[in-house]
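Residue numbers (the working numbering), protein chains in the order written: chain A, 1 to 345; chain B, 1001 to 1088; chain C, 2001 to 2381.
Any given hint could be a false lead.
What the hints assert, rightly or not - Below, in silico cross-link-like pairs of lysine-lysine (BS3-like), each with a Cα-Cα straight-line distance of 25 Å or less:
(1) Lys2332/C / Lys2314/C
(2) Lys2327/C / Lys2314/C
(3) Lys2125/C / Lys1029/B
(4) Lys1029/B / Lys2002/C
To be verified - Computed footprint of chain B on chain C, listed as stretches where at least three residues anywhere in the stretch have a Cβ under 8 Å from a Cβ of chain B:
(5) 2094-2101
(6) 2126-2136
(7) 2192-2204
(8) 2281-2295
(9) 2333-2345
In short, the hints are calculated from the structure, not lab data. Remember, predicted model here, so these are calculated numbers, not experimental data. Beta carbons: idealized from backbone N, C-alpha and C, even for Gly.
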Amino acid sequence: MRSAGAVRFRDPQIEMAHGAGGKASRRLVEGLIAPLLGGPLLGPLMDAAVLELGAERVALTADAFVVRPLRFPGGSIGELAVNGTLNDLAMAAARPAALVVTLVLEAGLAASVLEAEVRAIAAAAERAGVGVVGGDTKVVEHGKADGMYITTTGLGIVDPRARLSPAAVRPGDRVLLSGPIGDHGITILLARGELDFEASLCSDTRPVLPFVERLLDVAADGLRWMRDPTRGGVASALNELAVDTRLGVGLLEEMIPLRDQVRGACELLGLDPLHIANEGQFLAVLAPEVADAALAAVRATPGGEAAALIGEIRTEPAGAVLSTAPYGGARIVDMLVGDPLPRIC
Amino acid sequence: MCLAIPGRIVEFAAEPSFAVVDVTGVRRKVNVDLLRPDGLAVDDWVLIHVGFAMSRISAEQAEEQLRLLTMLGEATLAAEEVEGYQFE
Amino acid sequence: MKYVDEFRDPQLIRRTADEIRRLMEPGRHYRFMEVCGGHTHAIYRFGLEDLLPDSIELVHGPGCPVCVLPMGRVDDGLALAVEHGAIVTAFGDMMRVPGRRGSPLEHIARGADIRMVYSPLDALKLACDNPDRQVVFFAIGFETTAPSTALTLRRARSLGVPNLTVFSNHVTIIPAIRAILDSPDMRIDGFIGPGHVSTVIGCRPYEFVARDYGRPIVVSGFEPLDVLQGIVMILRQLREGRAEVENQYARVVPWEGNLPALQAMAETFELRPYFEWRGLGFISQSALGVSAAYADFDAERRFELPGVRVTDPKAAQCGEVLKGVLKPHRCKLFGRECTPEHPVGALMVSSEGACAAYYNFAHRRARLEEDAAPAPAAAAG
């Protein structure tokens, strides 16, 4: 058995920020969880683990879903719990083979609410052609959970054409983004009602596997890296790429697709759309010679019309993301620090 | 030091002190007491800060500013041409 | 976005940047202070330093309300939740500001009832919805934000809401500008004046900057073209030997300010004899407390607060950075002990604080550039 690594996590207590997908999350995983649990099978921290089982490459992922409110425009926790896990598999170029769903329910939860979410889970799984093969149900005392939490485990078979590896990322590679960013995070923020904002926005929750299939059809050899920019947004996903590869990511700000309402909410609240969560988008790094074909393939897939090549991999600034505006000004785009907080100053 | 964003008044709320403003499709009720003496109307643009309309945005002044900026560019180009000519 | 996108026009921005170059005197080094943290944020957010020649140095001023708030005041605000059991409401900006025993977010994690609000009116609504709880609004901000607190106080009184109080930390910008002008190591050639504060106070209060100190000041907006045009206007004044107050942001800022706002502030607030600013020390008549007429709504009168003064760590060189003597990344703590996640000094706290803005948007570039350049032998580590 492998001995445990050194724990470097020094924060005295767990804060909301440790779950927000930014710097604190990374510090927790890399400083405490990975050193203690990391065995020979725990590779680079990706969306799903890829294991060689006999001749097959198998992807395995688990994801926990906590969202308030449980239902929001464009989706609900049940649908999210399936799509989010399928998307983690898709980011390993894996087709889903089975899901296991665990429900943690709060005493007092209306049975009708539970039924609606279980139906949502079933519908999302059926749409993706995958079965829920097992699960567990636990109930906690009233006040101990926001109605319900869901954890989903997904098992998938990696497409044999896939050659994904952060180590293969090279300067000159292009960065593809599948569609407008921030829809999910802003929708949830507004759906909580505390800000009193109204907008006709929907969560973007959806399975992204159809896009990945098309990418593998046209660009499998040049498809080097994928990530779905959930918590922490595009900024955090690309910063992790930059840190892991010791390369830089150069973004062209005007190329990043963004809906007016998301932009308006971000301007009003002083938030950076690059830090806002998505549940139906993905980022891909592609060899330059396949980038245009890959973009055309994603755009030709229903729901991918707004996809764009938003930047490229560079040698500088190593380990960081630099966004350049059309007028020439540039800024470093850092990882999210803690939860995105509206600011007035 | 203060984040404030332009928004358009789309309607006046039932409460006399409030109006609904629109910022690229995001709407919120804001307090307009600070601008009431100016006689606000629907479609006026106001600057919003922490749920209050702080100032009415002047379309004339905005146009004038852009005009000056455009001229400034042209003046620069003209000046460069003149200078270039002089140094030749 | 109307009134936003026009002022980010790439072609006009390039031309305005060219005009800046044309107006500069060869060999002269210019130091301009943007007083307002919103400008600091905009300068880094839009990468405006990339568009400016090296001989224009922007010095980041004190106009960031959470940056200048002393730690003792944060502790007092947190005590309202922890010791008095009140619901403390605050803007998102306050949530990561450290007190001696942690930030509001860390206190929430330990169970304190501290809630984020978008508007002071949300605090009033919370008080109406929770009549059996004390609700405190932890008010911060300069004259832009003070009128919203003032109108909320008026509303609370007219509605007869007994359980809302305001913990006022409102500060005023003019004494801070004067303190910087009076500082012996001050070397500022001109000021980019705060745009949104001026919607309330107007342009007249800045006249002393031009008259008594001979420095141009141009009240400016926050879009890239606004900031650059503000610099053009300062350079023109310097070139023509003028020192005046000018208004670049006339589409939003009336020369006279906003009279109803000033009246509401005069009614609900009174000037404190002195107030401590982080990084600048005590400045007389620089802050607003709740007025005697609104004593019932004053958290400082209703609750007993610790009122313990907490000095900043000596190693933090916030004062020097604030006065423009030191670049943020030259501070001994910058990026090591002091980061946006774990701020030690005032200016690392808010994304519009000079150090946090520098850290978030620029320092890695600065460091890379310095690493690339042949390092002088005595360069500080």
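Hint check:
1. Lys2332/C / Lys2314/C: holds, 11 Å
2. Lys2327/C / Lys2314/C: At roughly 17 Å apart (the allowed maximum being 25 Å), Lys2314/C and Lys2327/C satisfy the hint.
3. Lys2125/C / Lys1029/B: Cα-Cα ~14 Å, so holds.
4. Lys1029/B / Lys2002/C: holds, 19 Å
5. 2094-2101: violated (count 0)
6. 2126-2136: Violated: only 0 residues of the region 2126-2136 of chain C have a Cβ under 8 Å from chain B.
7. 2192-2204: That given contact holds, which follows from 5 residues of the region 2192-2204 of chain C lying within Cβ reach (below 8 Å) of chain B.
8. 2281-2295: violated (count 0)
9. 2333-2345: Violated - the region 2333-2345 of chain C has 0 residues with a Cβ nearer than 8 Å to chain B, which falls short of three.
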